[in-house]
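From just these sequences and the hints, can you work out the full model?
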Amino acid sequence: MSSPHAKSTAPAALTLRNVTKRFDGAAGQVTALEDISLDVREGEFLVVVGPSGCGKSTLLSLLAGLEHTNEGEIRLGEEAVVAPGRDRLVMFQQDALFPWLNAIENVLFGLRLKPDLTEAERLESARYYLNLVGLGNKEKARPHELSGGMRQRVALARSLAPNPRVLLMDEPFSALDALTREQLYGDIQEIFTKRKKTIVLVTHNIREAVCLGDRVVLFSPNPGRVQQVFDVNLPRPRRMNDPALASLAAEVTTALSSHLAK
Amino acid sequence: MASKLPRPVIPTVIAVLFLVGWEWFVRTGPDTRAVLVPAPSHILKWFWEALLSGELLSATWVTMRRLVIGFAIGAALGVPLGALCARVRWVRDTLGVLALGLQTLPSVCWVPLALLWFGIREEAVLFVVVMGTIWAVVIAVQESVLNVPPLYLRAAQTMGSNGWHLWSRVIFPAALPGVLSGMKQGWAFAWRSLMAAEIFVVIVTGFGLGSLLNAGRELLRMDQVMGVMAVVMLVGLLADLVFFSPIERWLRRSRGLER
Ligand SMILES: Nc1ncnc2c1ncn2[C@@H]1O[C@H](COP(=O)(O)OP(=O)(O)O)[C@@H](O)[C@H]1O
Ligand SMILES: [Mg+2]
Numbered sequence: 295m296s297s298p299h300a301k302s303t304a305p306a307a308l309t310l311r312n313v314t315k316r317f318d319g320a321a322g323q324v325t326a327l328e329d330i331s332l333d334v335r336e337g338e339f340l341v342v343v344g345p346s347g348c349g350k351s352t353l354l355s356l357l358a359g360l361e362h363t364n365e366g367e368i369r370l371g372e373e374a375v376v377a378p379g380r381d382r383l384v385m386f387q388q389d390a391l392f393p394w395l396n397a398i399e400n401v402l403f404g405l406r407l408k409p410d411l412t413e414a415e416r417l418e419s420a421r422y423y424l425n426l427v428g429l430g431n432k433e434k435a436r437p438h439e440l441s442g443g444m445r446q447r448v449a450l451a452r453s454l455a456p457n458p459r460v461l462l463m464d465e466p467f468s469a470l471d472a473l474t475r476e477q478l479y480g481d482i483q484e485i486f487t488k489r490k491k492t493i494v495l496v497t498h499n500i501r502e503a504v505c506l507g508d509r510v511v512l513f514s515p516n517p518g519r520v521q522q523v524f525d526v527n528l529p530r531p532r533r534m535n536d537p538a539l540a541s542l543a544a545e546v547t548t549a550l551s552s553h554l555a556k
Numbered sequence: 035m036a037s038k039l040p041r042p043v044i045p046t047v048i049a050v051l052f053l054v055g056w057e058w059f060v061r062t063g064p065d066t067r068a069v070l071v072p073a074p075s076h077i078l079k080w081f082w083e084a085l086l087s088g089e090l091l092s093a094t095w096v097t098m099r100r101l102v103i104g105f106a107i108g109a110a111l112g113v114p115l116g117a118l119c120a121r122v123r124w125v126r127d128t129l130g131v132l133a134l135g136l137q138t139l140p141s142v143c144w145v146p147l148a149l150l151w152f153g154i155r156e157e158a159v160l161f162v163v164v165m166g167t168i169w170a171v172v173i174a175v176q177e178s179v180l181n182v183p184p185l186y187l188r189a190a191q192t193m194g195s196n197g198w199h200l201w202s203r204v205i206f207p208a209a210l211p212g213v214l215s216g217m218k219q220g221w222a223f224a225w226r227s228l229m230a231a232e233i234f235v236v237i238v239t240g241f242g243l244g245s246l247l248n249a250g251r252e253l254l255r256m257d258q259v260m261g262v263m264a265v266v267m268l269v270g271l272l273a274d275l276v277f278f279s280p281i282e283r284w285l286r287r288s289r290g291l292e293r
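Residue numbers (this note's numbering), protein chains in the order written: chain A, 295 to 556; chain B, 35 to 293.
Coverage of chain B stretches by chain A, computed from C-beta distances (three or more under 8 Å per stretch; other residues unrestricted):
#1 177 to 190
#2 198 to 209
#3 282 to 290
Everything labelled a hint here was simulated from the structure, so no lab data went into it. Ideal placement from N, C-alpha and C gives every residue a C-beta, glycine not left out.
Put into structure tokens, the structure is as follows:
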């Protein structure tokens, strides 16, 4: 177990200080997140795990600047996060690809919003990332012509291509079958190691969290709070059926159920 | 065996029997019957003569030009107005609501006012066609823009899209199928109202299909009346067949909404 604050080895890419987020729902006010303080280090793969409804998606929306905090502040480096920006791309759970664009046009969407690139550079970059996710031969395919796993790969390429400082991933694999998921765990770790990205991924799958994260932050629900933080010091690439991984996952599960039993 | 026959055979046989029966019914009756119900051969004869004299083509041209220009104006105004309704709450609560009401009004009801405002001129007919098109388009655009999945907007925004870029690259493409069916509906409304207007008033600036039908009425030439009816039907079908349906099918197919 470690402190939720950075251990000062690397500068913090994202900083959350006493962040609280409430929603006015039909059934009254809901506190989705309460008093969250957390640092995400530069180049870190941070995974937030917790049962559904504990505020994971809300957390990512706040980091993305799509929603605003009620209390506390979020900073990217030195700057306060107030609006969406290309430096923080989000990859969603499923089907956020644009159905009127084919695979490469989807990847180009974000690249075309970078004015400093020439069209040739954009195309080259889009091809590079499609190849990286293993879909170099599917450039012209429309989203509906791809399998769920392929679609998520295109979405991954689309999020990576504009080279954001931070990649935010909202349960990106949860709609996929186990085999495809396993493949993508391999892909994303490889890309993470190669590209040295800062990644924040949220999931309700504890095994997945332990498999992917440098650190795993366990959230507890009602209201969403940081319950415990786990360091994962296993070598990459990690595999789901690694016994060391299983025992760590069991530890996280115990921590979660002990809280839920309270 | 009947089930082995190609599908078009039975309808064709029935159609031919129907036409032969109709022809027989008219020819075996008294002379007055032929006035009340023209035989298919008479209608065909009228059709052929009107085609040769150029009368039919020029009337079709006049009507189509009115329809296309009026529809284009209506759609060109309806799209931004619909977008504005979707974007601005108070516009939706005023113009949007008004559009809902006016959409239920057959636009031929505008004829008296249009004649007063524009005189017995081309502008009056165009106005009626525009009124037929615009409200259906406004409502369709408003609804389809409001129904764009928020996920697309969020994804686009995090990639740095906003303002005009968001509208032109995400909202409109996402709303396109709905907008297109609104336009198709607007086209159908405009077509019906234009026919009514042309029958209702003789517009001196052009002799359209409706006027041709009305002339048939005044001459008691029911072959002409039914012939024009057939042409009106044909034009409506063709517009759908060569224009709206292919676009719609392409749109649906390219997004995997259909096979
Ligand atoms: N836009 C919203 N309006 C009202 N309540 C919301 C909204 N978004 C999320 N919530 C509530 O906030 C809580 C956390 O939701 P969410 O972040 O989606 O959880 P998770 O992603 O962990 O499943 C839930 O109780 C949910 O009902
Ligand atoms: Mg969620």
